[in-house]
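Enquirer: Make a model of the complete structure from these sequences and hints.
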Amino acid sequence: MTDTTTTFKRMKDLPSTHLLGTGTPMCAGCGGLQALNEIYDVLGKNTVFVNAAGCMTLLSVYPFTPFRGSWLYTAMASAPAGAQGIRDALDILLQNKRISTKDDLDVVVLTGDGAAYGMGLSATSGAMERNLDFIYICYDNEGFANTGQQYSGATPHAARTATSTGKRGFIGDKKDLFSIWAAHKPTYLATVIGAEPLDLVRKIEKLKSLKGPRMIIALSPCPTGWDYDPKESIVIGKLAVKTGIWPLKEYVDGKITHTKLPHPRIPVEEYLKKQGRFAHLFKPQRNEELLVELQAKVDKYWEDIESV
Amino acid sequence: MNRTLLTGNGAAAWGARLARTDYIPAFPITPQTEIIETLANWIDNDEMSGRLVTLESEHSMITAAGAAAATGVRVFSATSSQGLLYAIEMLYNVAGWRTPFVLVNVSRGLSAPVTLEPDHNDIMATRDTGCLQIHCSTCQEVLDSTLMAFRISEDPRVRLPVIVNLDGFYLSFTREPVNLPDANTVKTFLPPQDSEAAVFRASSPTSQAMAVLGSSPYSYFRYETHLAVMNGLQVFDETANAFAEHFGRTYSAIDAYHCDDADIVFLMIGSFATKAKVAVDQLRAAGHSVGLVRPRLLRPFPTESLQNLLRGKKGVAVIDQNLSMGKGGVLHMEVASALYGQQNAPPVLLSFIGGLGGRDFTSEEFFEMEKLTRKAVETGEVPPPRLLYNSDELRQIRKLQAIAHVERKELSE
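Chains A and B supply the protein sequences, listed in that same order. Going by my numbering, the first sequence opens with residue 491, and the numbers climb by one from there. Going by my numbering, the second sequence opens with residue 6, and the numbers climb by one from there.
Calculated from the structure, these hints are not laboratory results. One or more of the hints may lead you astray.
Each pair of labels, with its calculated beta carbon distance range [stated by the list, open to error]:
| id | chain 1 | residue 1 | chain 2 | residue 2 | range |
| --- | --- | --- | --- | --- | --- |
| 1 | B | Lys404 | A | Ala672 | 50 to 60 Å |
| 2 | A | Lys587 | B | Lys192 | 11 to 21 Å |
| 3 | B | Arg25 | A | Ala652 | 44 to 54 Å |
| 4 | B | Arg25 | A | Pro720 | 51 to 61 Å |
| 5 | A | His674 | B | Ala202 | 33 to 43 Å |
| 6 | B | Ala247 | A | Ala652 | 49 to 59 Å |
| 7 | A | Asp503 | B | Tyr228 | 43 to 53 Å |
Partial chain A-side listing against chain B, Cβ under 8 Å, derived [to be verified]:
| id | residue |
| --- | --- |
| 8 | Thr547 |
| 9 | Leu548 |
| 10 | Tyr563 |
| 11 | Ala571 |
| 12 | Ile589 |
| 13 | Asp594 |
| 14 | Leu595 |
| 15 | Ala613 |
Computed far set for chain B versus chain A, every beta-carbon distance over 12 Å [what the hints assert, rightly or not]:
| id | residue |
| --- | --- |
| 16 | Asn7 |
| 17 | Glu42 |
| 18 | Pro118 |
| 19 | Arg162 |
| 20 | Pro182 |
| 21 | Leu185 |
| 22 | Met235 |
| 23 | Asp260 |
| 24 | Tyr262 |
| 25 | Ala291 |
| 26 | Met330 |
| 27 | Phe372 |
Positions of the beta carbon are idealized from the N, C-alpha and C atoms, including for glycine.
Expert: The structure is reproduced here in structure tokens:
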């Protein structure tokens, strides 16, 4: 990403105040809310957020909303279909000149990983297949956080969740939603994290100028679900990038580009040991085998990238 | 007025077309598919404006329908059976959003076992969603009810989805002569939507379907929706009057046939009630004082009209084409709750279950139901719900089972 394409050249170009209202019931240190704040500042108020069941459903509790624009809660499985209905209706109204272009809205789906990786995947696939002009933001806190962090399709290998409490934690692997979404050839697709705001706002700025399905997966450190002190959210977020656990990348025109290469990559252990959900890897004794396995997975990913 | 032969599905599609529908979220399912095929064909060949989008499920289809209606366009959709059930989570939701649109359901029995033929368990499952329900028995009624449904749905006192129900095969694929209302007259009967409603616009942001904390706002909104459905009683009558003025056809919330002087009355909904109508004629020819009531409107339930129609009757035979497992017919329960404790209410109310998966009713069965009801009137003893099935049908099933057993035995040797 070159500096000539963005108005966000350095940290001080970021907005100093947020558009999203304060006083929401999100947990202290919510990485999802941090990402949303940064995203909303760029997207602006001429938006309608279409939400699926999850933590952020509680952003808008009658009769209050932190959004300056519009909001529609749908259900867990079908937020992209809600976006389809609104987009189609706005297009019909614009086409028939029943509304002016000033009244048009960007339609933004906002769901957690439970909906994005699982129940809502079919509706998301359908929306992309129909080339729906919309933005999808998945705040990925790697579990069903709103119900107490049970494992989801986004939970990483070995993480302890409310439904994976054994010595090895979660025995499955985090689903590669980026690749699944990329296989649909959307207009734009990127991973972001609130702890890297410059990278994030540049991506949102870019997708805002495009049309068609524009997809964002925001890794969202979750003090409540991941079991760490809320003040550590930024540190953990930065470590997710520096260890290579959360690759920051984008997909445009069939090409995947990594937007922030972790050089030098620090050991994943630095990221894991900060979180209670991985404490069983270190206590009562080190689970060397599992730590090696986790490091190897990350190494393999980056070797494949760097060898290209 | 243009008279033509139309299937029930064709009539529903014409209703959507004449209503100048803007948006049709769709998903194919038998026996409804002809409706969306017809609409898609008109749109593709510029005979109709509007946009049809096939979603990836009925759940998404109803989400898109509600979301588009909440953005201020006129929406029509159609489904059947399993599709309706798949959509039910969203039917509750879009009613809660107070979005006006029309959904046609072409009734078909539910799995398992899977069947294509009609009964009413699908539509009965949506009874408590907050959607209004109009039941049709002819193709003309399908078209006219669809037009009326838009006006009722969009009335500011209602603002809720309205489901128009017709029976699969018996209506969906049956051609009947239908008067096509004049498009310009429809425009005066059904003007563009109310522009005062809150919709999604950049200049007037709105939040819809927000979460509530605590029971008080929850109860408040649930009661509001219930009261809006109840408003549908008056709005239906007003709409029916306006429809009669515009098109000369009159639809009451309950269709009554030879009811005034009857002492025994059949109660049925949908197209199979036309069979009961024939049976009433036959029974009357044989000297029996019999009538038929056929509720068109099931939600809101026209309690008072039903009480008035049935006051002083000796007995009622409620014929349900649905089965609430472990209890019986849904209509029977609804009618019982409307009549219980009312002065001069019919003292006996019999329950018959039939027509499941399109099973036919014979005249003999109507004669038998009348006889059993009259007997109950005389003795004061009401028999338990009767599941209509005859010895011939049972013999056929036994035969199939015997063949299957022989086959399995031979194959395993």
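Enquirer: Next step is simple, just say for each hint if it's right about the structure.
Expert: Each hint, compared with the structure:
1. Distance hint check for Lys404 (chain B) and Ala672 (chain A): the Cβ-Cβ separation is about 57 Å, which falls inside the suggested range of 50 to 60 Å.
2. The beta-carbon spacing between Lys587 (chain A) and Lys192 (chain B), approximately 19 Å, falls within the hinted interval of 11 to 21 Å.
3. In this structure the supplied range 44 to 54 Å holds for Arg25 (chain B) paired with Ala652 (chain A), their Cβ-Cβ distance being about 52 Å.
4. Evaluation of the 51 to 61 Å hint for Arg25 (chain B) and Pro720 (chain A) yields a pass: the beta carbon distance comes to about 54 Å.
5. For His674 (chain A) and Ala202 (chain B), the Cβ-Cβ distance of about 35 Å falls inside the hinted range of 33 to 43 Å, so the restraint holds.
6. For the hinted restraint 49 to 59 Å between Ala247 (chain B) and Ala652 (chain A), the CB-CB distance of approximately 57 Å keeps it satisfied.
7. Checked against the hint of 43 to 53 Å, the pair Asp503 (chain A) and Tyr228 (chain B) passes, with Cβ atoms roughly 51 Å apart.
8. The interface hint given for Thr547 (chain A) holds, since its Cβ lies 6 Å from the closest Cβ of chain B, which is under the 8 Å cut-off.
9. For Leu548 (chain A), the interface hint holds, since its Cβ comes within 8 Å of a Cβ in chain B; the closest pair sits about 6 Å apart.
10. Checking Tyr563 (chain A) against chain B by beta carbon gives a least distance of about 4 Å; that is within 8 Å, so the hint holds.
11. Against a cut-off of 8 Å between C-beta atoms, the interface hint on Ala571 (chain A) holds, since the closest Cβ of chain B lies about 3 Å away.
12. Checking Ile589 (chain A) against chain B by beta carbon gives a least distance of about 7 Å; that is within 8 Å, so the hint holds.
13. About 6 Å separates the beta-carbon of Asp594 (chain A) from the nearest beta-carbon of chain B, less than 8 Å, and the hint is met.
14. Here the hint on Leu595 (chain A) is kept, as its CB sits about 5 Å from the closest CB of chain B, short of 8 Å.
15. Residue-level restraint check for Ala613 (chain A) holds (minimum Cβ-Cβ distance to chain B is 5 Å; threshold 8 Å).
16. With a least beta-carbon separation of about 27 Å from chain A, Asn7 (chain B) lies farther than 12 Å from that chain, consistent with its non-interface assignment.
17. A cut-off of 12 Å between C-beta atoms confirms that Glu42 (chain B) is not in contact with chain A; the least separation is 19 Å.
18. Distance check on Pro118 (chain B): its Cβ is at least 26 Å (rounded) from any Cβ of chain A, clearing the 12 Å threshold; non-interface status holds.
19. Against the 12 Å criterion, Arg162 (chain B) stays outside the reach of chain A, whose nearest CB is about 22 Å from its own CB.
20. The claim that Pro182 (chain B) is not at the interface with chain A holds, since no C-beta of that chain comes within 12 Å of its own (minimum 34 Å).
21. At roughly 25 Å from the closest C-beta of chain A, the C-beta of Leu185 (chain B) stays outside 12 Å, upholding its exclusion from the interface.
22. Interface exclusion of Met235 (chain B) from chain A stands, the closest Cβ pair being 23 Å apart, more than 12 Å.
23. With a closest Cβ-Cβ approach of about 35 Å to chain A, Asp260 (chain B) is found to remain outside the 12 Å limit, as its non-interface label requires.
24. Every CB of chain A is more than 12 Å from the CB of Tyr262 (chain B) (nearest about 41 Å), matching its label as outside the interface.
25. Residue placement check: Ala291 (chain B) keeps its beta carbon more than 12 Å from all beta carbons of chain A (closest about 54 Å).
26. Against chain A, the non-interface label of Met330 (chain B) holds: every CB pair exceeds 12 Å, the least being about 27 Å.
27. For Phe372 (chain B), the shortest C-beta to C-beta distance to chain A comes to about 49 Å, beyond the 12 Å cut-off, and the non-interface label holds.
In the structure shown, no violation is registered for any of the earlier numbered hints.
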